[in-house]
Structures are given as structure tokens and as C-alpha cells.
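K.L.:
Residue numbers (the numbering used here), protein chains in the order written: chain A, 1 to 412; chain B, 1001 to 1412.
No lab work stands behind these hints: they were computed from the structure.
The beta carbon of each residue, even a glycine, is placed where N, CA and C say it ideally should be.
Check the hints yourself; a few may be wrong.
[Unchecked claim] Among chain A residues calculated to face chain B with C-beta under 10 angstroms, some are:
#, residue
1, T176
2, N293
3, E305
4, R324
5, R369
6, L379
[To be verified] Ranges of calculated distance between the beta carbons of each label pair, as one might list FRET restraints:
#, chain 1, residue 1, chain 2, residue 2, range
7, A, R261, B, P1283, 55 to 65 angstroms
8, B, D1051, A, R384, 34 to 44 angstroms
9, B, G1350, A, R384, 52 to 62 angstroms
Here are the chains, one letter per residue:
2 protein chains.
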Amino acid sequence: MHRPATSPLDRKLLAVLRSRLGPVPIALVLGDTEDLPDTDAPVIGTVRIPDRSTLIALAMSPEMGFGDAYSDGRIEVEGDLVRALECVYESPKIKNWYTRLRSKYLDWVQANSKRGSARNIHRHYDLSNDFYRLWLDDQMVYTCAYFPTPDVSLEEAQEAKLDLVCRKLGLRPGETVLEVGCGWGALAIYMAKHYGARVKAFNISHEQVKWAREWAQKSGVSSNVEFVEDDYRNVVGRSDVFVSVGMLEHVGADHYPELGRVIHRTIGDTGRGFLHFIGRNRPQPLNVWIKKNIFPGGYPPTLAESLGFLQPHDFSILDVENLRMHYAKTLEHWLARFELAFDKVVRERGLEFARMWRLYLAGSVATFRVGKMQLFQVLFAGSRCQSIPWTREHLYAPFREEEDTELWTRAM
Amino acid sequence: MHRPATSPLDRKLLAVLRSRLGPVPIALVLGDTEDLPDTDAPVIGTVRIPDRSTLIALAMSPEMGFGDAYSDGRIEVEGDLVRALECVYESPKIKNWYTRLRSKYLDWVQANSKRGSARNIHRHYDLSNDFYRLWLDDQMVYTCAYFPTPDVSLEEAQEAKLDLVCRKLGLRPGETVLEVGCGWGALAIYMAKHYGARVKAFNISHEQVKWAREWAQKSGVSSNVEFVEDDYRNVVGRSDVFVSVGMLEHVGADHYPELGRVIHRTIGDTGRGFLHFIGRNRPQPLNVWIKKNIFPGGYPPTLAESLGFLQPHDFSILDVENLRMHYAKTLEHWLARFELAFDKVVRERGLEFARMWRLYLAGSVATFRVGKMQLFQVLFAGSRCQSIPWTREHLYAPFREEEDTELWTRAM
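Between the sequences and the hints, there should be enough to build the whole structure, so can you do that?
P.N.:
Laid out in C-alpha cells, this is it:
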């Protein structure tokens, strides 16, 4: 293979890119130049850069440059894509002004006003139910699963997650639940079917709500589950329980105080609440390429940021669990199913779309594995709620056995 | 019984006191006036106020006035003391300027500089080991116990707590542990004895350290446990694990950033850490009477405040558990044992001291029962620590059975 000679400028640009990537064990190849990492670790992958314009884009913003060039096929990664991304994420990096500026700009155009949220959510979740059916489990649960042991199937793990949420909340027959951001409705339907709850579930994705209503009908629980196509900010009325699984990432930090007020006016000082969300160890914007192409308006908060909007309402935090390794595992399943359906995705939506989504899923596996993102489940209760679990042992009793109500403290 | 006539001024003061207490179902009696609460709830107790000066002190600051008058015997509560205090704590109150000022003044004179901490800790924990032996369990654990079921003995519950801490940390033989604020040494000794850990434990209470050293000797673990009579701020060196049970309440919010730095320089980005502390739902000073008489320099933080000093160091929060009902139960045991030893305490330390401590213990039972205080256990890990538990199921395996190491994820 003929390899064109690289100019001094190209070599300088390669050096800039290398300094931005940090000491990752990945070779960068441009023309006849192979730039090797300054590390003892064995090289685990090679990235071939086709031309100077791609190199400039990479050097200016590795996040944006790599994402775009990988998606449109200019760049290939030789070696394991997930492992290569893990190395990049593990390496300490300093964000440059260009990436920062781009990120701030996106925050501005993708702001989560009611209209902005509608647009942001539409872009991701209304892509097509058929597309998501290609690689999600049969209940269409698009959030972190719970694997009692690492080897259970995705289907079992998603059902175990739905049950875990109900157990953490100590859900009882006849209780009313408000869910915001209900996806395709799996949790709402599960709560009605297996716990006898009466659920009102909000979502602004038209495609998801349509699907959820049909499914509730088929499941015979439509009298106990109401799906409302509306914004969480328009919620009115009281419930015993508030629950949100995988929505907080879309709320945006500016709107947390409003979410706090919605929760408090829903469950007051006596109800229970549950938040499940992708989070961070410290405040950090979402990867700019992901924000532009996958999750417009997205922001994963730290645990402290989430407590920041619960604290003013005097809520008691009862339990926090970090399930990041379960999200890595969930994403491995999704990625494997996605790869099986890759050709179909290419036929239906084009190669660029397919490669974009492969990168998003592979990058997400990597980021949860190395611990750059966390998955928090937060159980809380109103300041006067005396119906709190004595221990957490009931969470680990055999799956879906009848709850031992004595394990719960009631108003004394 | 002759009851002197109350003046219009007294009646006015009674009304002020009533407004400060809120709608509690407790009768206030002064002379021939019985002030009944404006509530439908049955009256559950009566407080007899002997004279106008006591009434003025109560009206100015119910917290201080009641604590002082109860301690020196001017005031008796007819009815169940704990239940009466629960009603007072449950009632929404507005702190007045006098109480606020008094609280700020105490914060100033009781500031937790190294010298201040030494003084504050000495006042509480160096009272006398014999005194604490009268009402603590046989391992002298002076923090919230863990009751697998509410009916186990205090001794069993304290041992279960020590084991729970070790399990949460996933402690392995040969690992090094730094403990700060180690009390009489029960946890440090337990970790060495049952988990093969090598523990260095800091404490600035001379009496406690003396006791702990003797006990480690008797337990045959003194080669693996070192007790250091020094401030947590003077900690140097690395450990695999950082642990602190019941010290954060004494650190003071001004010193949290320093504690965060101590933790990070101890375990770096790869170790694990554990904090167990009395906390709040929202920021609130400690009861001013308790601060003056029982815990000088004390401040129970919110969960968010505790995360505030972990977040800058990129720690991953893995698990948070709220055990407030277990602290109510622990305190019930302590109070019951204290009542059995009451006459001995009076003989040795005087009636005022004994009544002061009765009020502190009874008030603490009440405050945890009604949820005005929380007990948080926070497990966290360095940002590069990959040795994290897969689930929490191992915490609920039969007591002290061998750990199934497969339940732990190791560097992948």
C-alpha cells in the first residue's frame, strides 16, 4: 500500500492530537507516519487518519473530530473499538477552548424549555419503535438493567430491574404512582400488573406513548395505567409515590428546582420517591459529540446535584445504589444485538446513522466500565413518611416472592 | 395543693411559649393556670412550670429553657418523656433570634480548630470509661447499631453493625485501613480479628485510646492494630481503606474540605472509603442545649454536605443507607440501661448530670423516631477503583459466613 509522505505540519498536528489524547496505547497513522504512544503498555489499536482535514478536526476537538469521522467512515479503528475507547476515557485530558465553546453553544440551542425538551426528546425517542425493537429487550426497557448475577439474560435483568424498583419503593396494592419519563411504559405496566398500583405516567415522546397505550391494553391493565403525553412540568394532583427512571439526564440543571417542586407537590411530606439516572462523580458536561448527535439537551448530574433539588423540600434520602457495572453489562447486550442487526440498520437508515449509533453504544459500554459515568438509584421519602424499610434484606429475597410486610416500619 | 394565681403577664408569657412550641398536645401549668393546646389530639403530657423566671427562660428559648430547667429538676414532665419530646420535635417551629444568636455564639467558642476539637472531644468522651460502661454494650460501641431484626439484643446489633461495615467495604485479609475517630476501638479490633486487616486508628480522646490499646492487647491483635492519639488532620501515609464511624458530626462544616483532602491523600484514586454519621435532611444547627451541654462543636451534616467534600476528589458514591430507625432502637437500649443505672449515676456524678443525660438520650430517641435526624452510611471509592461490589446481596448473607468473592468485580 502506497503511503504518501507526511509534511512537517502534519507531524505537528499529530503531536497536538497525541497531547490531547494523553498516554493512550493507540497508534495514530497518517500517510507514512506512524505516531506511537509514549507508554510501556502494548499498543491495543490503530487509528488510520485519511487526510489533513480529518487530522485538523481531530486535533481541534478529539471528541467531535473522531465521532464525525468514525460515523461517516473516514476513520476505522483497528482493534477492539470498546477497549480503545476505554483507554481514551481512562486517560486524563484537558478540554480545549474549542470543545468547551461548542458544548456551551449546544447547551444554548438545545435548552430544555418545554418546547426545547419536546424537540430534544422527539429527536432521540421518536426515531421509530421498529428501530429500537431491533436491539432492546422484549419489554422495550431503554434504561440500565439489574443483573442479579452477571450471566442472566437481558430479558431477565430488565424484569429484575422493574421488580427492584417496586421493592425499593415498597409498593402496595391500591397505591397511586406518578411516573415521569415512562419510555415505552414497561415500569408503569409492571407496577399495575404485579403490584396492583394505579399509575399515571407522563412522557413527551409521541411514539413511545402510542406504543405504551397499546401494550397496556393488551396486558389488560389499561384501567389502572394512564399514559399522558405531556411534560413533567404540567403534572398536577397527588400520588403516594413518585418515580422517574432515566429522565433526569434530559431535565437539565437549570430545571432541577422546578422538578423538585413537582415532586414535592405530588407526594408532599408523606409519600415516597425514586430517581434512577445516569450520573457523574463531579460536574461535567456530556460528551459534545453525543450531545450534538445522540442526546440533545442531555446532562448527567452528580449525586450531590440531584440532592440539591430534593434537600429544600426536606426529603429523607433512604437509599442510594450505584449500578454502573450493570449499565456496562446492559450496554454490552444492546451493542451485541445492534451488531447482529447492523446490516438491517444500514439498509433502513444508512451507513452513517448505523456507525453513529454503534459508536454511541460502544462508547457508553466503555464509559460505564471505566467509571466515567455512574448509574444512581435514589430512594427518598417525605419528612413525615414513617413507612420506611427496616433493612434492605427484602430486596434480595427470591425474585417476586410475596413481600414480608413485617420488614416495613409503619407509623409507630 | 395550693396553686398561686397567675398574673396577666404570666398568661401572656404562656401564650408566647405556646406559639413557639406549635400545636403540641401537652398541657402547660403555671400556678392556677392550665394552658391547653389548641388541637383535637388527646393531651399526652403535662409540664409544670414552677415560677416566672423559668417561664421567661422557656418563652425566650424553649430549647435552652427546657433543657436547663429539666436538668436541674425545676421542671417535671408528667407522662412519657420520649413521647412528649416526639410531639415537640414533630411540630413545625420557627427559631427565634435569641436561640439563633446563642447557637452562633456557641459555634464561635466551640470552633473545631485542632485545639478546639481537643477540648470539645475531651468534654464528652473523656468523662470516664466507667460511666459509659454503665449503659453501652460490652464492646463499648457508641454509635448506631444495626438490628437485622428489631428484637435482637444490643450486643448482637453492635456486632452486626461492625460486620456490616466490613462487608460494605469488602475488606480482605492483609488490607490496610485508616480509621479516624475510633472511639473505644471496637471496629478497628473487629477488622483485624475477623477480616485480617491491618488498622491504624486515630482518636483525640485520651481515655478512649488508653482503653482501646489495652483491649487490643487482650484480644491478641495489637500487632495489627495501632491506636494513635492524634487529630485526623495529622494523618499521613497511604491505606487501601478509609473508615470513619461517628466522627463527621464533630468535624464541623468549616473543616469538611480539609477532611476531603485527608481522605484523598490516604486512599488516592484506587482505594475505598466509608462514612457513618448522624445527618439531616436539610442544613440545620444542632439543638443549642445539646451543643452547650452534651456535644460541644457538634454539627450533623446533610448527605449533600458530605458529598460536597467527596465530589472534588472524583470519588464514586457506591452505596448510601439511612439507618435512622436503627439509631432510635439503639438509643432505646441505651436509655433503658441508663435508667437502670440512674441511681448510681446520681451518686457518682450528681442529680443534674444524670437528668441532663437522661434528657439527651430520651431526646435522641425521639428525634430519630420522628425523622428530624438521619443516620447515613456512605460507601465510596476512588475514581479508578475497579474493585466494587456487583450487587449488595452479600450484605444479607448469613452473618459472618465466608464472603463469596465472585460477588465482587475485580479489575477487568
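K.L.:
Each hint: holds or not?
P.N.:
Quick rundown of the hints versus the structure:
no.	hint	in the structure
1	T176	violated (22 angstroms)
2	N293	violated (27 angstroms)
3	E305	holds (9 angstroms)
4	R324	holds (8 angstroms)
5	R369	holds (7 angstroms)
6	L379	holds (9 angstroms)
7	R261/A / P1283/B: 55 to 65 angstroms	violated (19 angstroms)
8	D1051/B / R384/A: 34 to 44 angstroms	holds (36 angstroms)
9	G1350/B / R384/A: 52 to 62 angstroms	violated (39 angstroms)
This entry does not satisfy hints 1, 2, 7, 9, going by the numbered hints stated previously.
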